[in-house]
Amino acid sequence: MGAYAAQPVVDPALAAVDSATAGTTGTAKEQIEAATKAYDKQNKEFMKKLRAEKDRKKAMEMYRTGRPSAAEAISLILKLAKETPKAEGIENGLMWSLMRGAKPAQRKEVSGLLLTHYKDSESIGKLAQMYSRSRTGGEAGLREIIEKSGDEKVRQGATYYLAEKLIGNAETKKEGLTMMKKLIATPGLDKDNPKLVAQGKGKIMIAEKLGIGCTAPDIVGTDQEGKEFKLSEYRGQVVLLDFWGIW
Amino acid sequence: MLPHERSLVKKLEGRPFAIVGVNSDKKERLQELVADGTTIWRNFTNEQEYGKISTVWGVRGWPTLYLIDHNGVIKHKGLRGDAMEKAIMEMVAEAEKAK
Chain A
1 MGAYAAQPVV
11 DPALAAVDSA
21 TAGTTGTAKE
31 QIEAATKAYD
41 KQNKEFMKKL
51 RAEKDRKKAM
61 EMYRTGRPSA
71 AEAISLILKL
81 AKETPKAEGI
91 ENGLMWSLMR
101 GAKPAQRKEV
111 SGLLLTHYKD
121 SESIGKLAQM
131 YSRSRTGGEA
141 GLREIIEKSG
151 DEKVRQGATY
161 YLAEKLIGNA
171 ETKKEGLTMM
181 KKLIATPGLD
191 KDNPKLVAQG
201 KGKIMIAEKL
211 GIGCTAPDIV
221 GTDQEGKEFK
231 LSEYRGQVVL
241 LDFWGIW
Chain B
1 MLPHERSLVK
11 KLEGRPFAIV
21 GVNSDKKERL
31 QELVADGTTI
41 WRNFTNEQEY
51 GKISTVWGVR
61 GWPTLYLIDH
71 NGVIKHKGLR
81 GDAMEKAIME
91 MVAEAEKAK
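The listed protein sequences correspond, in order, to chains A and B.
Counting in the numbering used here, the first sequence runs from 1 upward without gaps.
Counting in the numbering used here, the second sequence runs from 1 upward without gaps.
Do not take every clue at face value.
What the hints assert, rightly or not - Taking lysine-lysine and the DSSO-like style, the derived pairs with C-alpha atoms no more than 27 Å apart in a straight line are:
(1) K77(B) to K174(A)
(2) K75(B) to K165(A)
(3) K203(A) to K174(A)
(4) K230(A) to K75(B)
(5) K108(A) to K126(A)
(6) K79(A) to K108(A)
To be verified - Taking beta-carbon pairs under 8 Å as the criterion, some of the chain A residues facing chain B (in silico):
(7) K203
(8) A216
(9) Q224
(10) L231
(11) R235
(12) G236
(13) L240
(14) L241
(15) D242
None of these hints come from the bench; they were simulated from the model.
Note that the structure is predicted; figures quoted are calculated from it, not measured.
Note that CB positions come from ideal geometry on N, CA and C, so glycine has one too.
Modelling step: build the complete structure from the supplied sequences, incorporating the hints.
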């Protein structure tokens, strides 16, 4: 038995009250900081107890039932954001809500507020990244960002994520490829964001040239001694092309 | 993975089969891996002047394996272990028939 097994785990209801009442006075920034700090502290303590519990089953149960919820803190942030959307601390609070795993309904509200009031901010880039990882939806959110964001870099990033998503789906593959090709052909992008262009090219290459039944594109490169050779030198033989490393 | 690959190279010696590696280690590390017999096939270093070969091929996980037939056509991607060996044997037999 772990050291804390006999003690009650943090009661989620109590935890929620704590974080909600932690900051009901002061400026929006102060209130948000108080609520988020209270939650982060609770969460830290909870994780400490969780790590101390050596029985894996008990730890899992503890995690399932006793994990502090950020929902109340997020509710407070949402309330303040609606009252005074441009107040200091609101943007950070909204981003915090996204990082702390706002529930889908809350997340929609949070991203809506960010896109309405902070559409030109770099925060939107992080929002795009979150949408890109979302297994369901995400596309609509990315399209909204592309439409609304005032930051060119953010729009390009969101376009990349959206095109990547579309390419991954047989039905929308063509649309995604067109979008990706247009993106990487943006004048100057190869200088401003070479990584994005290289990754985009890789995506297109995979989708169009590296499928089963495609002729393998040639590789021309050097070995560990700097000697050049080509993949096509092996024509006539079966080749196991192996991307490997020991590290 | 690597022991299986080395055994394939030995097993298929003299037949139309080759492993071509794209290695992600530092060049000096790869030189050691060649010297100590960890790799007994030809390798490109992943880092080339024009960028990483793995980026061009959209590789996201390691190892990633492609099987290319004697005509240069990609036949399989991502096969491992017995399934990979079986596919290689069939493809090598095809290549020998075509000669």
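### Message
Tell me the hint numbers this structure goes against, listed in increasing order.
### Response
none
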